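Trainee: Quick mapping for you: the protein sequence lines, in order, are chains A and B. Heads up: the first sequence runs through residues 9 to 213, numbered per my numbering. Heads up: the second sequence runs through residues 927 to 1155, numbered per my numbering.
Hint data in this document are derived by calculation from the structure and do not stem from the laboratory. Note that the coordinates shown come from a computational prediction; the quantities given were computed from them, not determined experimentally. Quick reminder that beta carbons are idealized off the backbone N, C-alpha and C, glycines included. Careful: at least some of the hints might be erroneous.
Said to hold, decoys possible - Simulated DEER-style distance windows between Cβ atoms:
1) B/D950 - A/A56: 44 to 54 Å
2) B/A953 - A/K205: 17 to 27 Å
3) A/R124 - B/L1089: 44 to 54 Å
4) B/I1085 - A/D102: 24 to 34 Å
5) A/K205 - B/G963: 41 to 51 Å
Stated by the list, open to error - Not close to chain A: a few residues of chain B, all C-beta gaps over 10 Å, as computed:
6) W952
7) E999
8) A1022
9) V1097
10) W1099
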Amino acid sequence: MVQRAHQLVEVQRWSRAITVPPFCDPVGMEAESDETLMARYAADDDRAAFQALFQRYAGRVQAYFRRGVQDDVLAADLTQTTFMHVHRARRDYDRARAFRPWLFAIAANVRREHWRRLSRKPESPLEPGHEGSVPPDASTATDRLVRRAVEQLPDNQREVVLLRWYAGLSFPEIADALGIQTTAAKVRSHRAVKALKALLGGGDD
Amino acid sequence: MTEEVDVDPRIEADAERAAQVPPDLWARVEADLDRRGPRDPLVSLPTPVRRLLGGAGLLAFGVGLVGIQGVREDLSGGAWTTFAVCGAMFVLGSLAAAAFSLRDRASRPLPGWPWAPLAWSLMVGGSAVLPWPGMTGVPAAMHAYCFWATSVMVVLSTIWLALLERAEKPVAWRVALAGAGSGLAAFVFQSVFCPGVDLVHLVVGHGGAGVVWSVLAVAVAFGLSLRRR
């Protein structure tokens, strides 16, 4: 009950911060917790349960990748890959573990594998001025500044920033997803915020 | 350093935009779900079961290799014990490598440093247990025979482990571990048949196949992994 209330608060807080695609769980799934839905998918291959989880989290996973790889098309591909890994790993899911850190642990590994592959490619898409396939209306000077600032963070800080502000995880969830201590996640976040403030000009517009 | 840190509004706005999902993404995921491949039953098994099957496959291919070629006859009781202890060490190492190659994607990332002592201990262990009990003066023709016999096991075992791996595209470090595990196991099982302990013979005939095929498998994995969806 307490966990459910916590989730609702988290969802409300997140929804205020970020306009994810509208919540449109299949009928009858609205009240189900993530863990219940995932357990149902693992046990019965219930497609509706998986779709509900997709609709709840595809936006957050997409946001995590979008600023992690700076390419919209690639971010969508990696989001798709992540949900396919969730599908394949469904029998590994332990209901005792919260769903969100489990999902983002998979996403983080997908991102790492992507970077390992990319580092062996001769060309890098992150050259200065690269905008990926961002829609033109979103490519304002401010957007570019934010993207560059996030890009310039050391990887361990950027990971926490992406999970905290783009994926909307709490610090204990970030710690669980990355296999680090909660304090370590907070320290990285604190350092990242300081660096971002400096890069973005003190946080004022 | 409080839990709730004020985030720059520009980052909030950026996050808001970044969370917009392409409208056809669920349809793409669903199409992938419906496109069930022949590997689906295997990769959908829980990770402990996949690991068990991977290890069992490795041992089965080894036993098959020995079954086809026969068991060497030069060892007596004490020498067999020495050989069995040494071999078991290598086989355990190969099973560990196979298990690591089938790691679950939701597992926490491993730090890099344990790999160095692991490789080191394997080297020290190897140098401590070798030379195995056996005969020297192996004719050169045997090098090629043993190389191809070992190759059969390495290739089959690596393919078997790759079939159990969940990624659509091969991941180089997983393929490398699968190849190393297969090579290590093949090294031991080939020695159950072949009594040769000349250094050149062990390196070329028993160990070379593992190295050659693993390197080739990793090269192929690199190539395939670079191809975009």
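Trainee: Name the hints, by number, that the structure is in violation of.
Mentor: Of the numbered hints, 1, 2, 3, 6, 9, 10 do not hold.
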